[in-house]
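Spelled out from the first residue to the last, the chains are:
There are 2 protein chains.
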Amino acid sequence: MDIVVGIDIGGTKTKIGLVNKDGNCMEKTYFRTREYPDLDDFLDKIKDTVDDLTSKFPEDFNILGCGIGAPNASSKTGTIKNASNLLWKGSIPLLEKLQERMPIPMKIMNDASVAALGEMLFGSAKGMKDFIVVTLGTGFGAGIVANGQLIEGYGGLAGELGHIDMTIGDGRVTGLNVKGGLEAYVSATGLKRTIMYMQSQYLDESRFRSIAYNDLHGEEITAAAAEGDPIALKAFDFTAKIMGLALANFTAFTQPEAFILLGGLVNSGKYILDPLKKYFNEYLLDIYKDEVKLLRSGLPGKTAAICGAAALIWQDYREQ
Amino acid sequence: MDIVVGIDIGGTKTKIGLVNKDGNCMEKTYFRTREYPDLDDFLDKIKDTVDDLTSKFPEDFNILGCGIGAPNASSKTGTIKNASNLLWKGSIPLLEKLQERMPIPMKIMNDASVAALGEMLFGSAKGMKDFIVVTLGTGFGAGIVANGQLIEGYGGLAGELGHIDMTIGDGRVTGLNVKGGLEAYVSATGLKRTIMYMQSQYLDESRFRSIAYNDLHGEEITAAAAEGDPIALKAFDFTAKIMGLALANFTAFTQPEAFILLGGLVNSGKYILDPLKKYFNEYLLDIYKDEVKLLRSGLPGKTAAICGAAALIWQDYREQ
Numbered sequence: 001m002d003i004v005v006g007i008d009i010g011g012t013k014t015k016i017g018l019v020n021k022d023g024n025c026m027e028k029t030y031f032r033t034r035e036y037p038d039l040d041d042f043l044d045k046i047k048d049t050v051d052d053l054t055s056k057f058p059e060d061f062n063i064l065g066c067g068i069g070a071p072n073a074s075s076k077t078g079t080i081k082n083a084s085n086l087l088w089k090g091s092i093p094l095l096e097k098l099q100e101r102m103p104i105p106m107k108i109m110n111d112a113s114v115a116a117l118g119e120m121l122f123g124s125a126k127g128m129k130d131f132i133v134v135t136l137g138t139g140f141g142a143g144i145v146a147n148g149q150l151i152e153g154y155g156g157l158a159g160e161l162g163h164i165d166m167t168i169g170d171g172r173v174t175g176l177n178v179k180g181g182l183e184a185y186v187s188a189t190g191l192k193r194t195i196m197y198m199q200s201q202y203l204d205e206s207r208f209r210s211i212a213y214n215d216l217h218g219e220e221i222t223a224a225a226a227e228g229d230p231i232a233l234k235a236f237d238f239t240a241k242i243m244g245l246a247l248a249n250f251t252a253f254t255q256p257e258a259f260i261l262l263g264g265l266v267n268s269g270k271y272i273l274d275p276l277k278k279y280f281n282e283y284l285l286d287i288y289k290d291e292v293k294l295l296r297s298g299l300p301g302k303t304a305a306i307c308g309a310a311a312l313i314w315q316d317y318r319e320q
Numbered sequence: 001m002d003i004v005v006g007i008d009i010g011g012t013k014t015k016i017g018l019v020n021k022d023g024n025c026m027e028k029t030y031f032r033t034r035e036y037p038d039l040d041d042f043l044d045k046i047k048d049t050v051d052d053l054t055s056k057f058p059e060d061f062n063i064l065g066c067g068i069g070a071p072n073a074s075s076k077t078g079t080i081k082n083a084s085n086l087l088w089k090g091s092i093p094l095l096e097k098l099q100e101r102m103p104i105p106m107k108i109m110n111d112a113s114v115a116a117l118g119e120m121l122f123g124s125a126k127g128m129k130d131f132i133v134v135t136l137g138t139g140f141g142a143g144i145v146a147n148g149q150l151i152e153g154y155g156g157l158a159g160e161l162g163h164i165d166m167t168i169g170d171g172r173v174t175g176l177n178v179k180g181g182l183e184a185y186v187s188a189t190g191l192k193r194t195i196m197y198m199q200s201q202y203l204d205e206s207r208f209r210s211i212a213y214n215d216l217h218g219e220e221i222t223a224a225a226a227e228g229d230p231i232a233l234k235a236f237d238f239t240a241k242i243m244g245l246a247l248a249n250f251t252a253f254t255q256p257e258a259f260i261l262l263g264g265l266v267n268s269g270k271y272i273l274d275p276l277k278k279y280f281n282e283y284l285l286d287i288y289k290d291e292v293k294l295l296r297s298g299l300p301g302k303t304a305a306i307c308g309a310a311a312l313i314w315q316d317y318r319e320q
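Chains A and B, in that order, give the protein sequences.
Everything in the first sequence is counted per my numbering, starting at 1 for the first residue and increasing by one.
Everything in the second sequence is counted per my numbering, starting at 1 for the first residue and increasing by one.
A few of these clues could be false.
To be verified - To be clear about the criterion: a stretch of chain B counts as covered by chain A if any three or more of its residues have a C-beta under 8 angstroms from a C-beta of chain A, and this derived list gives those stretches: (1) 152–166; (2) 246–253; (3) 279–286.
Stated by the list, open to error - Cut-off 35 angstroms, straight-line C-alpha distance, at most; resulting in silico cross-link-like pairs (DSBU-like, lysine-lysine): (4) 76/A / 126/B; (5) 76/A / 129/B; (6) 126/B / 97/B; (7) 293/A / 234/A; (8) 289/A / 89/B; (9) 97/A / 302/A; (10) 179/A / 278/B.
What the hints assert, rightly or not - Have a look at the derived ranges for each label pair, beta carbon to beta carbon: (11) 289/A / 105/B: 31 to 41 angstroms; (12) 93/B / 104/A: 50 to 60 angstroms; (13) 291/B / 104/A: 24 to 34 angstroms.
No wet-lab data here; the hints were simulated from the structure.
Heads up, the beta-carbon is just placed ideally off N, CA and C, and yes, glycines get one too.
Turn these sequences into a full structure, and let the hints steer you where they fit.
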């Protein structure tokens, strides 16, 4: 059986799995990224984890290669460059250093592009040639496919839409210190910040009046919305409005057939998606109206990022 | 000698020329688009003009085909759809109807995409695979090339960036009634509107205090800036600031190697380009800094749009 190692390096967790040709993740595990502040320790931990996973694999297998998704990773240079959610600063030659430890075919790409490949091979974008995957976790990422090809950009860093400025130089600051940057509003973190903002703007009673920022989790905001908490509902509406505007703007860029949404914020379901659809249609130019779909990821949530990373290798076998 | 007919349909003029393989426009002429409010009359006028140009052509020639650039034109449907600067409303089957009159190979595409092809074959983008052409005339258009291919979008209407909203639903209205739309600020028309705005905001003496909006022309704003007119200088600075922010945002989308600027606003030279460079570098994310060029069109101004339209046909011969 042919398998591909998929690795998703995130700010919180590094997830590793073994993925078959249908995009099924057969074995998987994870460890906490921040426990390995030294890059060499981190790479050793990856190698040990892969060895561990493969040694437990019950069937005969052949490893075709290893695909890696990571924030700010460039496929063109094989490096991770100034990722705001990772501890290693500057330009990290991750591909080269990992290949020294694991001499198999290996590719790296930024996490949102990897998610787009995963949706194209295994998920909601099967058969599409023009679509955008939006990842809504700690930050806001985008993987853009046009003409059936990923757009990587001149330096391999296309799609960093979380830091585009939505307010002509005013507004909230992102992790990269961009004022008015999109991900300061539209992301799991952005939603938390908006819970704070709505408490500043309104006097409604709310369960959040007794919860500090650091104790606040996305699931709780969804639960509060389900109970009609006015601060939660206002926060979702506000987030959806800015996101609807952003997706309408992005439509004017590459005119995708669909946006495919994944990540923590999407788990809030109708509380974010219903107002999002309303605002998106309101802001969309007439020439695009009713022609752009909003879809949820077609990959199983917990292994989507691993499957996407594996798609980096599997796509070469699909094309043959 | 092989030649291609290039046609640029604009809100003001329709330009027609005969273009050789090196992108030189050998013969050219134009007529006023608005004098032909009836579509059939307009198409007859195009055919007559092409016949007239070719009958005068001094050498033996072979017409390879006809390329057409027009606002809101879709290469996928061959139509022009709801172009705000043209008189014909709804969806116009221009390609089909013109081909009835001129049975030669024919292609149509939106004017900014056509400009991008022209720059790639004959102009400033020779050899580039990732770049964006920005046209700054009556409106704001963009032709986006990534991975060496034009991005046309699912319905052939990608790149309509003039109507993206820069201000979260507030601000000036565009021709498509988008509040805060980019081209309401950044275009030849946007600059005129900013001359009005600066007169509302400041009390400086200025030659524009005695010129009405309808009598205002771009060349005059440039001339005023050269004389140090404070309203003109403030208007250029303001325009450049919003444009710098927009181009920085666009960089996060496809990470182009260069932006190539053309159209009326660019003719203001250093008055727009110097502050533009300053603001663009200020707004650009660190990961992109010093890696994105701002270039002017490499095509002769008066025939650039004709050469671009002809590139629609010439590109097929280049690829062979």
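Going down the list of hints, with the structure as the test:
1. 152–166: holds (count 14)
2. 246–253: That given contact holds, which follows from 5 residues of the region 246–253 of chain B lying within Cβ reach (below 8 angstroms) of chain A.
3. 279–286: holds (count 3)
4. 76/A / 126/B: holds (21 angstroms)
5. 76/A / 129/B: holds (14 angstroms)
6. 126/B / 97/B: holds (33 angstroms)
7. 293/A / 234/A: holds (25 angstroms)
8. 289/A / 89/B: holds (17 angstroms)
9. 97/A / 302/A: holds (27 angstroms)
10. 179/A / 278/B: holds (17 angstroms)
11. 289/A / 105/B: 31 to 41 angstroms: For residue 289/A and residue 105/B the Cβ distance comes to about 33 angstroms; the hint holds.
12. 93/B / 104/A: 50 to 60 angstroms: holds (54 angstroms)
13. 291/B / 104/A: 24 to 34 angstroms: holds (31 angstroms)
Of the numbered hints given earlier, the model fails none.
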